[in-house]
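Here's the letter readout for the chains.
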Amino acid sequence: DIQMTQSPSSLSASVGDRVAITCRASQNIDTYLNWYQQKAGEAPKLLIYGATTLHGDVPSRFSGSGSGTEFTLTISNLQPEDFATYYCQHGSDDHFTFGHGTKVVI
Amino acid sequence: QVYLQPSGPGLVKPSETLSLTCSVSGGPIDLYYWAWVRQPPGKGLELLAYTYIRGNIYYNPSLKSRLTMSVGSSGAQFSLSLRSVTAADAAVYYCARRASSYSPTGSYFYYMDVWGMGTAVTVSS
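Which chain is which? The protein sequence lines are A and B, in order. So that you can map any letter, position 4 of the first sequence is 4 in the numbering used here, and since no number is skipped, the others follow by simple counting. So that you can map any letter, position 63 of the second sequence is 63 in the numbering used here, and since no number is skipped, the others follow by simple counting.
Treat the hints as calculated values from the structure; they're not laboratory data. One or more hints might be untrue.
Taking lysine-lysine and the DSS-like style, the derived pairs with C-alpha atoms no more than 25 Å apart in a straight line are [to be verified]:
1. B/Lys43 x A/Lys39
2. B/Lys43 x A/Lys45
3. A/Lys45 x A/Lys103
A few chain A positions that, by computed beta-carbon distances, are all more than 10 Å from chain B [what the hints assert, rightly or not]:
4. Ser10
5. Arg24
6. Asn34
7. Ser76
We put the beta carbon where it would ideally sit given N, CA and C, even for glycine.
From just these sequences and the hints, can you work out the full model?
Structure representation (structure tokens):
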């Protein structure tokens, strides 16, 4: 099975900061990589699929990059509502492994 | 707008079967795959199963022997059964829709774009 490793497991930031979260796959997964945001007590929310494509009305301060085995979620100009836990997920047919999450705290 | 409403017992005794249902409204159930994901307290997300109304069922290999999922057997709903539960099965269980988009390489990207609110399950005698 392909393993997904996120780093860091948590990070501290301030409003207005630019933060980056890394997700590494144990094998080449091309760009079959999704990012989700989960706030406390809520269901996850899809942010990005296909490594780089923003879903729906996700703000443009969120961006995704990478391919193969290394991926990055970048949040520019961090807003108060962005403090949450972020998960990467391998998203190809029959493979939906999640990373362990990165908590972004104030 | 598609809306998913999960329902479950809240409390299950050890060794018994957990049965969950997710009601789908606002969109067709027969055009998408549907999934169950769980999250133990303070931990990450774990995909349990997903299926299509007329397709094969994918089960998490580590739980496959205890899981049964079905879609559409009772209207716009899909369900999950988890047998022989233990304390390790205590979690918030989410139902979700699996959607897809065409990828430039000729395949598809798969992702969960709609999620239910989650139903908490406690395992205790």
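Outcome of the hint check:
no.: 1; hint: B/Lys43 x A/Lys39; verdict: holds (13 Å)
no.: 2; hint: B/Lys43 x A/Lys45; verdict: holds (17 Å)
no.: 3; hint: A/Lys45 x A/Lys103; verdict: holds (15 Å)
no.: 4; hint: Ser10; verdict: holds (13 Å)
no.: 5; hint: Arg24; verdict: holds (15 Å)
no.: 6; hint: Asn34; verdict: violated (4 Å)
no.: 7; hint: Ser76; verdict: holds (22 Å)
Comparing the model with each numbered hint stated earlier shows that hint 6 is the single one that does not hold.
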